[in-house]
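Chemist: Here's the letter readout for the chains.
Number of protein chains: 2
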Amino acid sequence: MTRRLHFNLFIHDTGHHEASWRLPDAHPLAHLDIDYVERLARIAESAKFDSLFLADSPVLWGDPGRRPSGSLEPTVLLTALARATSRIGLIATASTSYNDPFNLARRFASLDHVSGGRAGWNIVTTAGDDAARNFGLDAQPAHADRYERAAEFVEVSKKLWDSWDDDAVVADKDRGVHAEADRVHVINHEGTYFRVRGPLNVPRSPQGYPLLVQAGSSEDGRDFAARYAEAVFTAQPTLAEGQVFYADVKRRAAEAGRDPDTVKILPGIVPVLGETEAQARELEAELDRLIVPKYAVEQLSKQLGVPAERLALDDQLPADLPSEDDIEGMKSRYTLIVELARRERLTVRQLIGRLGGGRGHRTFAGTPVQVADTIQQWFEQGAADGFNIMPAVLPSGLESFVERVLPVLRARGLFRTEYEGSTLREHYGLARPASQYALVTAQ
Amino acid sequence: MTRRLHFNLFIHDTGHHEASWRLPDAHPLAHLDIDYVERLARIAESAKFDSLFLADSPVLWGDPGRRPSGSLEPTVLLTALARATSRIGLIATASTSYNDPFNLARRFASLDHVSGGRAGWNIVTTAGDDAARNFGLDAQPAHADRYERAAEFVEVSKKLWDSWDDDAVVADKDRGVHAEADRVHVINHEGTYFRVRGPLNVPRSPQGYPLLVQAGSSEDGRDFAARYAEAVFTAQPTLAEGQVFYADVKRRAAEAGRDPDTVKILPGIVPVLGETEAQARELEAELDRLIVPKYAVEQLSKQLGVPAERLALDDQLPADLPSEDDIEGMKSRYTLIVELARRERLTVRQLIGRLGGGRGHRTFAGTPVQVADTIQQWFEQGAADGFNIMPAVLPSGLESFVERVLPVLRARGLFRTEYEGSTLREHYGLARPASQYALVTAQ
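Chains V and W, in that order, give the protein sequences. For the first sequence, position 298 (counting from the first letter as 1) is numbered 298 according to full-length UniProt numbering, and the numbering increases by one without interruption. For the second sequence, position 24 (counting from the first letter as 1) is numbered 24 according to full-length UniProt numbering, and the numbering increases by one without interruption.
No lab work stands behind these hints: they were computed from the structure. There could be a bad hint or two in this list.
In silico lysine-lysine, DSS-like type, Cα no more than 30 Å apart, as pairs [said to hold, decoys possible]: (1) W:K331 - W:K250; (2) W:K173 - V:K294; (3) W:K331 - W:K302; (4) V:K173 - W:K302; (5) V:K302 - V:K331; (6) V:K302 - W:K250; (7) V:K158 - V:K250; (8) W:K331 - W:K158; (9) V:K331 - V:K158; (10) V:K294 - V:K331; (11) W:K48 - W:K158; (12) W:K158 - W:K250; (13) W:K331 - V:K302; (14) V:K173 - W:K294; (15) W:K250 - W:K294; (16) V:K158 - W:K302; (17) V:K158 - V:K48; (18) V:K250 - V:K331.
Taking CB as the label site, the calculated pair distances span [stated by the list, open to error]: (19) V:L137 - W:K302: 50 to 60 Å; (20) W:L137 - V:Q381: 27 to 37 Å; (21) V:P141 - W:A285: 53 to 63 Å; (22) W:D314 - V:V170: 23 to 33 Å.
What the simulated footprint calls covered on chain V by chain W, stretch by stretch (three residues with Cβ under 8 Å from a Cβ of chain W suffice, anywhere in the stretch; the number is not a length) [said to hold, decoys possible]: (23) 124-134; (24) 169-178.
Quick reminder that beta carbons are idealized off the backbone N, C-alpha and C, glycines included.
Start from the sequences and build out the full structure, keeping to the hints where you can.
Modeler: Quick look at the structure:
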């Protein structure tokens, strides 16, 4: 089969640009309006996107003045979207540091049932002390500990999802037996972080379990992705860096004993479209002018762990920043920001403009053909299996991508015109996982 | 205003009778079929029920052969129902023993946003060692400890729900200020069970917070209800017992400084309807014949903490049962079962027939007028503000209640013909709670 692009829509209220909510047409309460989010989901589904995705963290992040803050919990929100759509995949972010495996595994199994096999889980470890303080801790656990817990969390979850054999429910009215008890398994997990008896209290779901997605690009994050992820979201600012990352994760997956084709790499892209390149750049500049410097500097100060007063708007970043090794938060995001600033010798004002658009993801202002060319180049030159589409402005940026970029890619035979499968895993060309317990029984 | 009945529909897959799934028309996978549950919700809404409700426990309870087992997580399921309905209240059960306040408060706030102010939370402490073993414990915490934790859990949740003032979000595009930071409050809760910084990462929801519901009838449970509950579900087998319970909870609420009218008492009723009383009794007998004794005895053995081999089908219960004080599980359910068996000198076989229908709730087989008479009697003689309707068979038992009992009650002026309000709290005639932080600011 011809290799085809995969597209995920990253939904972020009025758009990924932090000032998008200030545009005259922007819906000021988009983040709380389920009708609005459903409209985005329907657009993406009619355009045959593989999936849509919601980021999340169990904390109020930054100053609530800066942009729409606080958001509906993703598994709740996606359940509503599951009923408004019928084909598109639904990927929710959830933290392994601040959840219990039993509860979270059950919610994802439920979402997979309600959506008919369209659930995905973006597995995050949740950086930041403020999040930790919402859960009885004084500070976040160390980066490596968070990833160790995440790995055990996924192992427990898979056991729970597998705890009902696919054929456990027989609903035999004559015998009066609803499920065969010997096809429902206690898991008795005993590990470093968790002790869980099981079985799960939901029968096995259409996909077996949700598509496993991962978005951390640190060393720990890449190793985790290589072991568990079926799709990887990543921020790669240049083609060359994207190629290195792509090759590295595929190599690590092979080393972990997996077929590298079963790990789909999806860099983020923030398309800003115009009829001409100049028009696109003008829209980008208009958005950057709407950024409130005070909020953006506070945000940058948090991300870098540097006091705001040391970030003068018209100077470059201070020379004495810590190294990634000393960062316990979002390591790869930290390095990406610092390298971007150093490489292009940006002032703080220029840097917040660049980050305001896509937070370090590849922002691309241009014509539809220019955007399509870039996508094709990354796809064909070993940097991407598809893209995480992050419109700077929603819904207009999604609409113009769908109406103007996708037809170019379809004309080149690079993107589907119809869904071929019905589950999220089928959209990404991945097989339904077998149950670890049923396999044991069959041997 | 005339005092009117309140009705809640307790949804339980194919019906509350444990053998209902074996009837020829029963949908064998009802518990996993969101279309089926939506159909029930639409029937209840078109009949102007105040609310619908889902029980829950984070454990697979009993033998999965016995009846449809495992169920979709309630906040997920109710979000789907929120989009299929527009007026009826949506009450989900969730455990205070096996959740974190931050995550749970956020899910309920999200459900309240998505549903436009129709969320309710049935607060349970979750009995049973098997549930505890899904969360790293060897055995359940003591009954009193579970209730102490529940009280603190509710206090933390209320602080989180109140952490955004109602007017915090201003979305001022000109100034570039989305929410006023001084109207969003860190809660800094430090208690016995929880330390939570806050604020919540969801703005205050339409109802301020979900309707608080409680269903435990032990001493601890009644005290908890008196302090926090706005609606109480309870199992009361006779009018006299219902009257005592009703007076007791209202008295405790007054002692806790609350207006007793703001605590609505809703006993469960399992209506089994026939054109004649004989017809109703025949349907009841048919259901009881479908009970598989092996499963029912195992269930009873668990509930009483007595080995199954000591429960001979044609004997009465053993004389040397423990007292309620020694029970750490569902105390009031335990006492209810034992008293029912002793009072009516039931054999184990007779007892499992009685429990198979409504698990100790008032089962009532009769004509529509007989059922309406009983409801009116309880309502007017100080035993109920409304009822938790638990059809033995679904959907048919709900349909016949709606088509044949409700018209009788409406003709007597006892039940609404149209919704007057739009939120769940409005249906129950309760005021929207003010925020504790906004009150402080205003003084």
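Chemist: For the pair supplied as a hint, W:K48 and W:K158, is the alpha-carbon distance within the 30 Å limit?
Modeler: Distance of about 29 Å is within 30 Å: holds.
Chemist: Are W:K250 and W:K294 close enough, with their CA atoms no more than 30 Å apart?
Modeler: Violated, at roughly 41 Å.
Chemist: Does the Cβ pair W:L137, V:Q381 satisfy 27 to 37 Å?
Modeler: Once the Cβ atoms are compared, 53 Å apart, the range 27 to 37 Å for V:Q381 and W:L137 is violated.
Chemist: State, for the Cβ atoms of V:L137 and W:K302, whether the hinted interval 50 to 60 Å holds or is violated.
Modeler: With a Cβ separation near 37 Å, V:L137 and W:K302 fall outside 50 to 60 Å, so the hint is violated.
Chemist: Is W:K173 within 30 Å of V:K294, Cα to Cα?
Modeler: The given pair, whose Cα atoms are some 15 Å apart, holds under the 30 Å limit.
Chemist: Could you grab the alpha-carbon distance between V:K158 and V:K48 and see if it respects the 30 Å cut-off?
Modeler: 29 Å, holds
Chemist: Does W:K250 sit within 30 Å of W:K331, going by the straight-line distance between their CA atoms?
Modeler: 21 Å, holds
Chemist: When you check the alpha-carbon spacing of V:K250 and V:K331, does it fall within 30 Å?
Modeler: 21 Å, holds
Chemist: Given the hinted pair V:K173 and W:K302, is their Cα-Cα distance within 30 Å?
Modeler: 24 Å, holds
Chemist: Regarding the pair V:K173 and W:K294, is the alpha-carbon distance no greater than 30 Å?
Modeler: 15 Å, holds
Chemist: Confirm or reject the claim that W:D314 and V:V170 have a C-beta distance inside 23 to 33 Å.
Modeler: 30 Å, holds
Chemist: Lying within 53 to 63 Å: is that true of the beta-carbon distance V:P141 to W:A285?
Modeler: 59 Å, holds
Going through the hint list in order, the structure does not satisfy hints 6, 13, 15, 19 and 20.
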